[in-house]
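Visitor: These are the residues of each chain, in order.
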Amino acid sequence: MRNIWVICRKELGSYFASPIAYILLIMFGVIFGFFFWNALGAFVFESIQSQMSGRSFPMNLNEWIIRPLLSNVSVVGLFFIPMITMRLFAEEKRTGTIELLATSPVRDIEIILGKWLAAVLLYACLLLFTAVNFAFLFKYGHPDWKPLLIGYLGLLLQAGALLAIGTFVSTLTKNQIIAGAVTFGICLLLWVLEWVSGYETATWAKVLAYMSVITHFESFGKGVLDSKDAVFYVSVIVLGLFFTARSMESLRWRS
Amino acid sequence: MIKVSQLTKRYARTTAVDQISFEVAKGQIVGFLGPNGAGKTTTMRMLTCFLPPSSGTATVAGFDVLEQPMEVKKRIGYLPETPPIYPEMETSEYLQFVGQLKGLSGVDLTKRIDYVCQRCAISDVKTRLLGKLSKGYRQRVGLAQAIIHNPDVLILDEPTAGLDPKQINETRDLIKDLAGEHTIILSTHILPEVEQTCEQVIIINKGKLVATDSVRNLQAHARGAETVLVEVAGRNSSLEIPSVQIKLEQVAGVSRVLCKEQIDSRAVFEIESKKGSFVRGDVARAIVESGWDLNELRPAAMSLEEVFLQLTGNEAARPQETPVEVQA
Numbered sequence: 001m002r003n004i005w006v007i008c009r010k011e012l013g014s015y016f017a018s019p020i021a022y023i024l025l026i027m028f029g030v031i032f033g034f035f036f037w038n039a040l041g042a043f044v045f046e047s048i049q050s051q052m053s054g055r056s057f058p059m060n061l062n063e064w065i066i067r068p069l070l071s072n073v074s075v076v077g078l079f080f081i082p083m084i085t086m087r088l089f090a091e092e093k094r095t096g097t098i099e100l101l102a103t104s105p106v107r108d109i110e111i112i113l114g115k116w117l118a119a120v121l122l123y124a125c126l127l128l129f130t131a132v133n134f135a136f137l138f139k140y141g142h143p144d145w146k147p148l149l150i151g152y153l154g155l156l157l158q159a160g161a162l163l164a165i166g167t168f169v170s171t172l173t174k175n176q177i178i179a180g181a182v183t184f185g186i187c188l189l190l191w192v193l194e195w196v197s198g199y200e201t202a203t204w205a206k207v208l209a210y211m212s213v214i215t216h217f218e219s220f221g222k223g224v225l226d227s228k229d230a231v232f233y234v235s236v237i238v239l240g241l242f243f244t245a246r247s248m249e250s251l252r253w254r255s
Numbered sequence: 256m257i258k259v260s261q262l263t264k265r266y267a268r269t270t271a272v273d274q275i276s277f278e279v280a281k282g283q284i285v286g287f288l289g290p291n292g293a294g295k296t297t298t299m300r301m302l303t304c305f306l307p308p309s310s311g312t313a314t315v316a317g318f319d320v321l322e323q324p325m326e327v328k329k330r331i332g333y334l335p336e337t338p339p340i341y342p343e344m345e346t347s348e349y350l351q352f353v354g355q356l357k358g359l360s361g362v363d364l365t366k367r368i369d370y371v372c373q374r375c376a377i378s379d380v381k382t383r384l385l386g387k388l389s390k391g392y393r394q395r396v397g398l399a400q401a402i403i404h405n406p407d408v409l410i411l412d413e414p415t416a417g418l419d420p421k422q423i424n425e426t427r428d429l430i431k432d433l434a435g436e437h438t439i440i441l442s443t444h445i446l447p448e449v450e451q452t453c454e455q456v457i458i459i460n461k462g463k464l465v466a467t468d469s470v471r472n473l474q475a476h477a478r479g480a481e482t483v484l485v486e487v488a489g490r491n492s493s494l495e496i497p498s499v500q501i502k503l504e505q506v507a508g509v510s511r512v513l514c515k516e517q518i519d520s521r522a523v524f525e526i527e528s529k530k531g532s533f534v535r536g537d538v539a540r541a542i543v544e545s546g547w548d549l550n551e552l553r554p555a556a557m558s559l560e561e562v563f564l565q566l567t568g569n570e571a572a573r574p575q576e577t578p579v580e581v582q583a
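Protein sequences, first through last, are from chains A and B. Each residue of the first sequence is one higher than the one before, starting from 1 at the first, in this note's numbering. Each residue of the second sequence is one higher than the one before, starting from 256 at the first, in this note's numbering.
Think of the hints as simulated: they come from the structure by calculation, not from any bench. Don't take every hint at face value.
What the hints assert, rightly or not - Covered stretches of chain B, going by a simulated chain A footprint (3 or more residues, C-beta under 8 Å):
#1 302-313
#2 330-341
#3 350-357
Remember, it's a predicted structure, so these values are computed and weren't measured experimentally. Glycine included, every Cβ here is placed at the ideal spot set by N, Cα and C.
Between the sequences and the hints, there should be enough to build the whole structure, so can you do that?
Guide: What follows is the structure, given as structure tokens:
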């Protein structure tokens, strides 16, 4: 446990000692800020319209702002995840520091968990930025906070799954760009897989749609904690980290 | 302390290390000598549990590298060829991280950091970013990292590669200094380095063990048959090469004389002595007494390859030696 934390702290240190963390935070903050401003603008416009037309329009902050924003974040996250994970192992392999880790009395799985945890924590920092915007909703309105919390949990689980895949990809190469590009490709593919369900109802289409990381977020976005979806994300995390461990082992046999 | 037997590392097409066996006693400094690509790094990586051997065994302090890697890793300090540093970290931060990785914490860790900083003379760069340090400092930080947990065994892969002469001397002194407390294996492709720092030498070439010997014996091998270059000039702007050659060949202990080049009345000869005889004085006297000028007399720098050739030539007679593979 201690070793995991030692590695994790070192990784977080590297993120925040270099511009990576700040650039990601700023980019994410700006993009999410725009989404929020947009969603709020639409909400205000709609509510004025409905008031003028005299319709009693049931306006709900959760349904109108929080839910669409959370699913936006889950998609934007796909673009940020490769940038978080691409350096994890590729950098260590390139500079040779992997030799230090691999010859220290630390187990491979501790190294992997430490690095993955650092990536998850950095992603959590990004999510913290969104919390700033949501805080305004709580200041001026009365949204329900429980669905929001479940939404955050879903985002973290989804990111955890993709970050585990990214961590695995990063062990495959010395080149950060390659690691980032491949991870991005996988993330994108896992997003669009769900599209086949739009026109095809055969079993294979269902399987493909099931593999899509986005479909499993829908329930979380609604504020429903569905164990089926949670299990999906957790299994992807375990699978990704398992592959990472195997890849690290094979690194020693091949190198 | 270290026992290696029949250690082999095979890759898909090549055999990087081929059935190497040697032993290192506690507290010794052993030089691991071989040209680039000889398998030095691979052997060291197997000893540090970075690479698993294909066959054969290696034990460090009684623990097998395959069976009990954790125990081995706790007892080994390793400096790879390029110091494994994180450029975005400060020196003290980095040493703290490595110390924690090696299982140190609290007051022990602080004490060890202070100790290794002072020992490796890096106290003045404690708060500098590693990425901004010079090559020499990085190497010393690398050494500090290797000794932070006070390991029984130190494995240093080309610790002086890429340093300037002053830094090389400092690093060698530091290594010699550390020898009392640790068993040290250091690899190098520079012969004098072994002579200056090591007690025992292990020579490998193309993955095979060529010789394990004490440094004194190796020196005897290398120096036994000495090669000297002399430049001879004629007094009155004429020099008869054959007569000089005959004169030089007559000197006691000379086995072979070769005329390397001739410019006007000057000529450079390469003189090879017989094993165990020192001919420089006699050669000089012979030249001067014959009425020629002796412009220059210097020992020909013996390249490692020549030492290898010599060693393998001499060693081939010994039955227990593994003969060096001859490439077609």
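Visitor: Please check whether the segment 350-357 of chain B has three or more residues whose CB lies within less than 8 Å of a CB on chain A.
Guide: It holds: at least three residues are needed, and the segment 350-357 of chain B offers 5 whose Cβ sits within less than 8 Å of chain A.
Visitor: Using C-beta distances, would you say chain A covers the segment 330-341 of chain B, given that this needs three or more residues below 8 Å?
Guide: Held - the segment 330-341 of chain B has 8 residues with a Cβ nearer than 8 Å to chain A, which meets the minimum of three.
Visitor: Examine the segment 302-313 of chain B for residues whose CB is less than 8 Å from any CB of chain A, and state whether their number is three or more.
Guide: holds (count 5)
In this structure, none of the earlier numbered hints is contradicted; all agree with it.
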